[in-house]
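Please put together the full structure from these sequences, using the hints given.
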Amino acid sequence: MKKRKFDYGPYLYLLPAFIIIFVFRLIPIVLSFIVSFFEWTVTGAGAFIGLENYAIMIKDHEFWQSLLNTFYLVIFVVPVSLFLSLLFAVLLNSIKALKSFFRSVYFVPTVTSLVAISIVWKIIFNQQTGLANFALEKIGLEPLGWLAESRGIFQLIFANFGIDLPSWAGGPSLALFSIIIMTIWKGLGYNTIIYLAGLQNIPISYYEAADIDGAGKIKQFFKLTWHLISPTTFYVLMMTTITTFQVFSQIYLMTGPPVGGPLGTTKVIVYFLFDKGFGESNNLSYASAIALVLFVIILSLTLLQKRLEKKVHY
Amino acid sequence: MNAGKIITYFLLILCGLVMVIPFFWMLTTSVKSQLEVNKGNVGFSPVEEYDVYREDGKEYYITVVKEVGDSSYVHLFNEEMKMIRSYAKVANQNIHHEKKFKLHWENFSNAFVKVPFGRYFLNTIFVSCSVVLGVMITGSLAAYAFATMKFKGQNFLFYLFISMMMVPQPVYLIPSYVLLNHLGWVDTYYALIIPWIANIFTIFLLRQQFKTIPRDLFDAAEIDGCGRFRILWKIVLPLSKSVISTAAIFGFIGSWNSFMWPLIMTDSPKLRVLQVGLSYFSQEASTQTSLLMAASTFSILPLVVLFLIAQKQIIASFASSGLKE
Numbered sequence: 002m003k004k005r006k007f008d009y010g011p012y013l014y015l016l017p018a019f020i021i022i023f024v025f026r027l028i029p030i031v032l033s034f035i036v037s038f039f040e041w042t043v044t045g046a047g048a049f050i051g052l053e054n055y056a057i058m059i060k061d062h063e064f065w066q067s068l069l070n071t072f073y074l075v076i077f078v079v080p081v082s083l084f085l086s087l088l089f090a091v092l093l094n095s096i097k098a099l100k101s102f103f104r105s106v107y108f109v110p111t112v113t114s115l116v117a118i119s120i121v122w123k124i125i126f127n128q129q130t131g132l133a134n135f136a137l138e139k140i141g142l143e144p145l146g147w148l149a150e151s152r153g154i155f156q157l158i159f160a161n162f163g164i165d166l167p168s169w170a171g172g173p174s175l176a177l178f179s180i181i182i183m184t185i186w187k188g189l190g191y192n193t194i195i196y197l198a199g200l201q202n203i204p205i206s207y208y209e210a211a212d213i214d215g216a217g218k219i220k221q222f223f224k225l226t227w228h229l230i231s232p233t234t235f236y237v238l239m240m241t242t243i244t245t246f247q248v249f250s251q252i253y254l255m256t257g258p259p260v261g262g263p264l265g266t267t268k269v270i271v272y273f274l275f276d277k278g279f280g281e282s283n284n285l286s287y288a289s290a291i292a293l294v295l296f297v298i299i300l301s302l303t304l305l306q307k308r309l310e311k312k313v314h315y
Numbered sequence: 088m089n090a091g092k093i094i095t096y097f098l099l100i101l102c103g104l105v106m107v108i109p110f111f112w113m114l115t116t117s118v119k120s121q122l123e124v125n126k127g128n129v130g131f132s133p134v135e136e137y138d139v140y141r142e143d144g145k146e147y148y149i150t151v152v153k154e155v156g157d158s159s160y161v162h163l164f165n166e167e168m169k170m171i172r173s174y175a176k177v178a179n180q181n182i183h184h185e186k187k188f189k190l191h192w193e194n195f196s197n198a199f200v201k202v203p204f205g206r207y208f209l210n211t212i213f214v215s216c217s218v219v220l221g222v223m224i225t226g227s228l229a230a231y232a233f234a235t236m237k238f239k240g241q242n243f244l245f246y247l248f249i250s251m252m253m254v255p256q257p258v259y260l261i262p263s264y265v266l267l268n269h270l271g272w273v274d275t276y277y278a279l280i281i282p283w284i285a286n287i288f289t290i291f292l293l294r295q296q297f298k299t300i301p302r303d304l305f306d307a308a309e310i311d312g313c314g315r316f317r318i319l320w321k322i323v324l325p326l327s328k329s330v331i332s333t334a335a336i337f338g339f340i341g342s343w344n345s346f347m348w349p350l351i352m353t354d355s356p357k358l359r360v361l362q363v364g365l366s367y368f369s370q371e372a373s374t375q376t377s378l379l380m381a382a383s384t385f386s387i388l389p390l391v392v393l394f395l396i397a398q399k400q401i402i403a404s405f406a407s408s409g410l411k412e
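Line by line, the protein sequences are chains A and B. So for the first sequence, my numbering puts the first residue at 2; every next one is plus one. So for the second sequence, my numbering puts the first residue at 88; every next one is plus one.
Please keep in mind that the hints were generated in silico from the structure rather than gathered at the bench. No experiment lies behind these values; they were computed from the predicted model shown. A couple of the hints might just be wrong.
As the list claims (entries may be wrong) - The calculated DSBU-like cross-link candidates involving lysine-lysine, where the alpha carbons are at most 35 Å apart (straight line), are: (1) A:Lys6 <-> B:Lys328; (2) B:Lys92 <-> A:Lys97; (3) B:Lys239 <-> A:Lys6; (4) B:Lys186 <-> B:Lys176; (5) B:Lys239 <-> A:Lys311; (6) A:Lys307 <-> B:Lys399; (7) A:Lys312 <-> B:Lys399.
Here it is in structure tokens:
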């Protein structure tokens, strides 16, 4: 028998995709480390500065504020989005008539562009001509400052009872909270669809057995559905967290000028790195360092997911 | 129908309204005159209340500034709501308060020509179509290799690809800019298209599909003298039509809606894609809410129409992004 020659075929088929991924993914990721260790502007590389950017970052008040704002965003968006999307999905899964109609209605925000939607929500939250204040007025409430309000939501709530909360306990500003509302709204349809797919994977026989045992619908949900859906919950939790860490467009479009909201209370980490890299200072080196910190955060979340995933799978 | 069903439908409708109201309000605001919006008439009704001034068979829209005795100081506006005279003194008897149902469709054409949206649309269509075409070619070739061939380093390359997929865009944005700048591609179509013509998720999706095709089919074709590429072209791709269109739609939507990348990688107005153009327009015309709403409406329209045509497939393709190995 003739000895088979080395088969180049598979590599030729992989080559086009490989070149693109190598040049435009792998190289930039390696490059981001290098850039963060040098002085770097649009004109090119400067002196080697080692870990200086990271030292600056630790002392940078703006960095910590943007991290805190991002944290607020995640803490509010993720649980509410999970709860609502599971509720939607369970409701949708329990009906037959108009099921696909409702599913499509919930899904429209997912396919529409974040830019257009941000513009619409910015106008909704406009103090004079927005729908939000118009609705408040109709039900007899005072208009709010929404995207222009730098005071924290807890601060605003407690102020109604005459309690003056210190600003560190004020929570996210109402401006950031407006962004939170919009972000939840935008992501709800996608999460609902993922949940719905998860629910449809639960064998119907389980429910039939539960019916025979005489378990009510609510008991069925907590004793059966909630446990069987936990891998999906886990996936939705991680995905929503990771994407919420990367929120940019709605901040860029809805708050400002100056972007970043009143007193910088809507400045999130990705906007911060955008501003450092492409704003006035044009400090690509510092921006790269910030991006790497974001990368470490998201990577640890992903690794945590991988570790915990084994525990939630039955 | 029992009580449970009624509550279920009630909640579903309520949630549905929350999802739809922003769009509905966008539509109703987009056909309002700016004057009406600025007056605080920002509900859903397109009925306008305004004062007109009539004299000698001519009609002007007015806003009353101050009443003095039996006459008033008013601003006069023409049909297009352009002010033609300010602080004119007119007799009160010629001022009429009227209600009118009027839709200002001209907002759409006004917004469309105010900045070159036509150009933005063409740019977006060109970029999105090129990206989808590229993604399909590189994706099906790579997926074919991963799914049907055995070669050294196969697992390593596959996991390398998958791990690249985990890296979020903001992380490689800055160095990508540095790289593209070095290549001289910043502010060119290359920057918008080339880095995106390979998509790891598409490779992954197609690989899963190609693996389901029975090996016997390949063996039979090989015996008939079919080469690898002919097998891909004549057998594998035709059998994978639905997954391919799913991936194509997914890629198209992603490319159409991408914003941060083109915002950073392009600068000159003639290269602006729709999302970037819309974003600049929203800064330029920040006080003209009805024009902004009109622009938002026509820029989401193509995708909403695409969605209405292919709802099932689009929802399925998004759901499959949540698939696990």
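Hints and how they fare:
no. : hint                  : verdict
1   : A:Lys6 <-> B:Lys328   : holds (34 Å)
2   : B:Lys92 <-> A:Lys97   : holds (11 Å)
3   : B:Lys239 <-> A:Lys6   : holds (14 Å)
4   : B:Lys186 <-> B:Lys176 : holds (23 Å)
5   : B:Lys239 <-> A:Lys311 : holds (30 Å)
6   : A:Lys307 <-> B:Lys399 : holds (31 Å)
7   : A:Lys312 <-> B:Lys399 : holds (33 Å)
Checked against the numbered hints given earlier, this structure breaks none of them.
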